Structures are given as structure tokens and as C-alpha cells.
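Participant: Residues per chain, in single letters:
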Amino acid sequence: MEGIEKLLKEHPFFEGIDAADLATIAGCGANVRFEVGEFICREGEEANCFYAIRAGRVALELSAGNGDIVIQTLDQNDIFGWSWLIPPYRWAFDARAVEVVRAVRFDCSCLRAKCDGDPRMGYDFMKRFAKVIVDRLEAMRLQILDMYGKPTVGV
Amino acid sequence: MESQLLESEQTSLADPMATRPFRVAKNQREIDGTHTIELRPADGDGFRFAPGQFTMMYAFGIGEVPISISGDPARAGTLEQTIRSVGAVSAALCKVRRDDTVGIRGPFGTPWPVVPAVGNDVMLIAGGIGLAPLRPAIYHLLRNRARYGKISILYGTRQPADILFRSELESWRGRFDLEVLVTVDSAGRDWRAPVGPVTTLIPRAAVREGIAMVCGPEIMMRFTVQTLLDRGFDADQIFLSMERNMKCGIGFCGHCQMGPAFVCKDGPVFAYPDIEKLMRVRGI
Ligand SMILES: Cc1cc2nc3c(=O)[nH]c(=O)nc-3n(C[C@H](O)[C@H](O)[C@H](O)COP(=O)(O)OP(=O)(O)OC[C@H]3O[C@@H](n4cnc5c(N)ncnc54)[C@H](O)[C@@H]3O)c2cc1C
Ligand code: FES
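Protein sequences, first through last, are from chains E and U. Number 154 marks the last residue of the first sequence (numbering that gives the first Met the number 0); no jumps. Number 283 marks the last residue of the second sequence (numbering that gives the first Met the number 0); no jumps.
Simulated from the structure, these hints should not be mistaken for laboratory data. As the structure is a prediction and not an experimental result, all values here were calculated from the model. Note that beta-carbon positions come from the ideal geometry of N, C-alpha and C, so glycine has one too. Take the hints with a grain of salt, since some may be wrong.
What the hints assert, rightly or not - Just the calculated beta-carbon pair ranges, DEER-fashion:
#1 Gly66/E x Arg172/U: 41 to 51 angstroms
#2 Ala192/U x Gly2/E: 28 to 38 angstroms
#3 Asp31/U x Ala63/E: 12 to 22 angstroms
#4 Gly86/U x Asp134/E: 31 to 41 angstroms
#5 Arg142/U x Arg32/E: 37 to 47 angstroms
#6 Lys8/E x Gly45/U: 54 to 64 angstroms
#7 Gly86/U x Tyr122/E: 51 to 61 angstroms
#8 Val35/E x Arg174/U: 21 to 31 angstroms
#9 Gln158/U x Leu84/E: 27 to 37 angstroms
#10 Arg230/U x Asp106/E: 30 to 40 angstroms
#11 Ile132/E x Pro159/U: 26 to 36 angstroms
#12 Ser108/E x Arg230/U: 34 to 44 angstroms
Same shape as in the complex, but just chain U:
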């Protein structure tokens, strides 16, 4: 029942080009330049999504950008999105205030394989803001903890001040049924945890096989996949969330094309064998 729900979320909008107004319930600053916006549909109707999906967020009068959903899929009716301010649209979205209106299309795209992962060990590997698209999968796995084997969350970011969802990571680390390893690229002396790229955590993780879900900068994902393969993970058990410029979000315009695949429709979550060759082509 639940698995059917998770697999069918992708087709939940009648007119995928119609923007739906959402009201801002909260704007929470996470780290420097990154905010989580909590939204509720202005029409009061629900909002459901599967972990890994994204929406097209429209800052009225400025523009529309794809942003992954970062909230709990079990909280129907609430949409959380975590945005890093890098340009005009993302900066405007980071500045919204309570009761402002934001346009939303979606949810779109393929989900993380939380359903096929049932019964397996799961490793989630995130880099930088890549923890945001993985957070709904983490919520789902924890809510259904008994259905999965070992779970390891590996997170890498630039420096301790850039750790996203820090208090949540700390509380997850306090659980006995979950492993959380965090590393940074450099740190001051007061940092006692690992320093080094996220790939160096993989050999230390309790999960040694099973399903891996990876999200972060593309170069980090390439090296992560290589390390996972070296550790004996099967290529078809490795899933990555890809990013490309988008316009329509539903496979019409070709903006997000990556070889034969459309990231908006065939992704953003891909099994590694489906994009392996494309990841090695420069400029795609």
C-alpha cells in the first residue's frame, strides 16, 4: 500500500504546467546562504510527494527554478524545500517571509529507491547541500526502520560551519540503530571528527553492501561511485540524483537533456548504469 503510494506520487498533478500558489509558513536559516522554506498549499488541498522528487519553485516576477523537496513525506500538506542562494531566483526564494506566496509546480521526477531497498542495508552519502534531497529518504527509512537492514549516513561538507541540518544529524547520531559519519574538507583544531573527502568515510561505514543513494556535486558523486564499486557494491544498486538546468520540468523542452535522458522526467534519481557513460562525457 505504502509502496504503491510512493511509486505513484510522480503523476499527482492534473496540469503539470499550472503553477499552484503556496503560502510561506516559515523561513528558517540553516547555514550561511541556505534557507529551508516551509510551505502550505494556499487552496488548502494536500501535497504529497515521494522522497527524491523536486518541484519547480516560482518566485513571482523573478523566475522559476527546480528545487528538491527536503521535508518529511509523511507530513502530507506541508512542503519543505532547502535552498542555497546562488543567483537571482534562489536568492529571492531565500528571502521570502511568512505569508508570502510562492508558485509551485510538481512534484516531479523519479524517487529514491526506498521501496526496492526494503530488506537491504542502505548507505546514504551526501555532499554539501546534497543532504537536502536525501533528507526525505532518511525520514522514510527511519519511520519504517524495522523494514531495513543496517543504515549508514555519510556526510561531507566544506567546513564545520557548513554542516546542514546539524542538530538533526546530531540527534540521528544519538540513535542506536543508525550510523552517522560526518567529515569536512578542513577544520580548526576544535573539530574532533574526521577531516577529508566523504569518500574516505566509505571504508569505515558499517554498511558494506546493499543499496547506496548518493547526492552532491557531480565530481563528488563520480569519486564516490568509484569507491563504492571498489568496496564491492553492485553498480545497479547505486543511485544518484543529478542536476541540470530546467525549464518545463516534465520532458517537453529538452533543457535538462543529458544524452538520451531527460533529468526532469527520467531522473533526477538514476541508477548508476543508466548514466554511467554520460557522467564521463565532458560538457553534457
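Excised from the complex, chain E in its bound form:
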């Protein structure tokens, strides 16, 4: 487990985290690797994990009838997957490795149990996740504005 703990220490998501909490969370993590083109999750499947990306690029895709659209990419030092937080715990998109991806995968049944058992740690963990979600939503808002299509003020 010490290996996972060391990897997590290097990931910005866990920056400043209490050492004991990190050890607890690391207990739910496992090192994983995905080859180029491999699907990490598929839309509609049960979401029982999230990933801390250590290297490589992940494309989040939606099938749009006339082909698959990449709606976002995530890279080294990003976190992906928050579907495990909210019932019915299903992935809302496909995720595919665009490059070889190395990540730590967290088993969320394990994590939920630990957060329930230690609400202080759970709260700290949720605050970190809330930041990821807010950043992602802000990014999405800019993307759907189609801001390069038309001027927004003045002109």
C-alpha cells in the first residue's frame, strides 16, 4: 500500500491531505494501466470507481448519432469519474485512453464505507471532489457558450 500512498502524494488532488487520511484512502486504491484505444468505462455501466490520472490522456466521449464526439480530455494530474458519488452510480459517458494511461483506480464501495466511518475525513474528501466538479462545470460552461462563434459584447 505504501507504493500507492507515495503515488498519491505526488498527485495535486491529494495536496495537503492529512497523512493518516491518505493512508486510509490509499487502502482503496490500485495501480492500473490502459493501452491506447482501450475503454476505461462505458456510458450506462455501473460506476463504482474513480481514477487519479498519473500519466497519459483520457478522452471523454459521447455517441452523437453521426459519430462519437470527444467532449473533454483529461491528463496527468487530473481526476476523473464522479458518477460513483450520486445514485444510481452509472457512468454518464465513455472514457477511452488516447495515450497509454497510468492511473490509480479507487474502489468506491471501499471509499464510501471509509468516508461514512470517518465523517471528518469524508467531508475533507468531498470538498476536494466538489472543487473538481466545479472546475469541470465551469469548463463545460465555456465550451457550450460557443464563444468563438460570435462576439459577446460591444462589437
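Since the structure of chain E is provided, determine the placement of chain U with the ligands on it from the hints.
Facilitator: Quick look at chain U with the ligands alone, frame taken from chain E:
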């Protein structure tokens, strides 16, 4: 010497209201609806400008619009302008042919801070057609590469087909002394580069401090500035190029007024603290 030249370009016209005829040497389609026009002064005299400046381009019989200069400031005598067709005048300018005549006033406006940036790391952040006004600054930085620290160019646009100056971006990316990161808002599966707004590139860039030059839609610039400030850039080291409707281009008519500032004369390139409050006022 060079810095004096760059700072004094703004006052190069004797009569700033007089339109000077320029001959079209080339009309190059860049992407759908966007063309770069290469012009030479019909009178044979030179044309000099500083990166960031614009001209008032007159399509005879149709109208006059402000357009940033997108060419290399070291190519004296050649004027390149990249125009997106959005209305009557810009559409007419996109259709000009070799040997047609276009009226030009200028160059006008404040330059990108390529002189104060000497010795510093520089981040250039462009969105959509906003890469065109930044291109002269990129040419200048590359021509004087040894005088600057790290350079990162971050570019965001709507989709891969809308990437402006694509082959140039690719060749810049091939250099070892420059970082080029490109992102799009959405893409098909064959796109292997980042997808997301340009702000998401900022934390990944090699440049972490120094001078930032930003050009793109105003909303993109607002979010970009916020991300730069969050990353520790000093507010007075962030420069933005603003757009407003213009008529005279030289501070007479008030058309381009933005609070107390005239975009044509006090801008278009502003240090962020000079326009911070105005950027948050709706409808200015
Ligand atoms: C300092 C400065 C530098 C500029 N540099 C460039 C440049 O390098 N290249 C360039 O293409 N444009 C540039 N512009 C914008 C350009 O001046 C306008 O697109 C132009 O004035 C539109 O005139 P028009 O007669 O073609 O369209 P209009 O008839 O004035 O407008 C037609 C429609 O297009 C919309 N529109 C107007 N301006 C824009 C715009 N900027 N973007 C998208 N839609 C618009 C209007 O809301 C309207 O719906 C710059 C503006 C300023 C102030
Ligand atoms: S365009 Fe006339 S004052 Fe700026």
C-alpha cells in the same frame, strides 16, 4: 534602437484621417470564412507597425472596419490582415482579388508589450481569430528568441477545422525553444490533442510567471485572466486586446469608448488593471 522603433510606430501617419490606397498582393483562405489579405502600399512607400496595432480597412463603396495586423513586423512594406467574414464590410474584404485596391488608415493603437517582456517568460493565449492579432508578437519573439525566457503559446478554438494558421502552429510546435498547446471545444475521435476551454491549458504550460498576452472573445479573456491570477501571475503583467465598434480610430468620435478609455487610442492592448473594472460592467 529596436525598442524605440516598436514604441514609436503608433504615430507614423501624417494625416490619420487620410486613406492610403494599398494593392492586394494575395488573398489566402485560412479556414472557412476567414482570409488573410497581403497588401502593399500603392505609392510604393513603406509600411511599419508594432505588434498589436490595427488599421482601419476601407472596402471602397462599402465601408471601413478596424482589423488587427497579423503579419511580421520585420517585413516592412507588407501588410497582412486576417479577416473573418461576419458582415458587409468584412465579407467584401474577404473577397478581394489580386491587384484590387483597399484603403488603409493607420497603423493605430497600442502595441503588445514585447519590449517590456525582454528577459521574461512569456505566455501568449489566443482564442479563435484572436490568434491573428497575436501573430506579429509571436514573429517578433521568435526573431529575437534569445532575448526572452520560456515562451508558451496556448490556443483554443471551436473545433479542429477552425484552427487558424494551422501549419504555422505545427511548425512552431516542432521547435525546441517554444511550447505550443492547442485545445478545441469539441472534436471527433481522430483528434488526439486536448479538448476543453483554453483556460485548462494554463496549468499545464511551462511558463508559470512573467508576462501574459491574451486575445480572444471577451468572455474567454475574463476567464483566462482569472485563471492566470489564480496561477500567480501579477495583474499588471497581464495584457489584453479589446474590441469595440470604431469610426475614426484616433480618439475623436467616441465610438469605441469603454468607460473613460478609448479602445482605438488607449488600446486596443491594455494592461489588465487599466480595464479590470470596465470588464465587469455589463453593456460597456
Ligand atoms: C481593434 C480591433 C481589431 C480587430 N481585429 C480584427 C481582426 O484582426 N480580424 C477580424 O476579422 N475582425 C477584427 N475586428 C472585428 C472587426 O472590426 C468586425 O468584425 C467588423 O467591424 C465587422 O464589420 P462588418 O461590417 O463586416 O459587420 P457588421 O455589419 O458590423 O456586423 C455584422 C454582424 O456581425 C457581428 N459582428 C460584428 N463584429 C464582429 C466580430 N468581431 N466577430 C463576430 N461577429 C461580429 C455583428 O454583431 C453583426 O451581427 C477587430 C475589431 C477591433 C475593434
Ligand atoms: S473610434 Fe473614434 S474615438 Fe475611437
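Participant: Checking against the hints above, which ones are violated?
Facilitator: Structure breaks hint 1 only.
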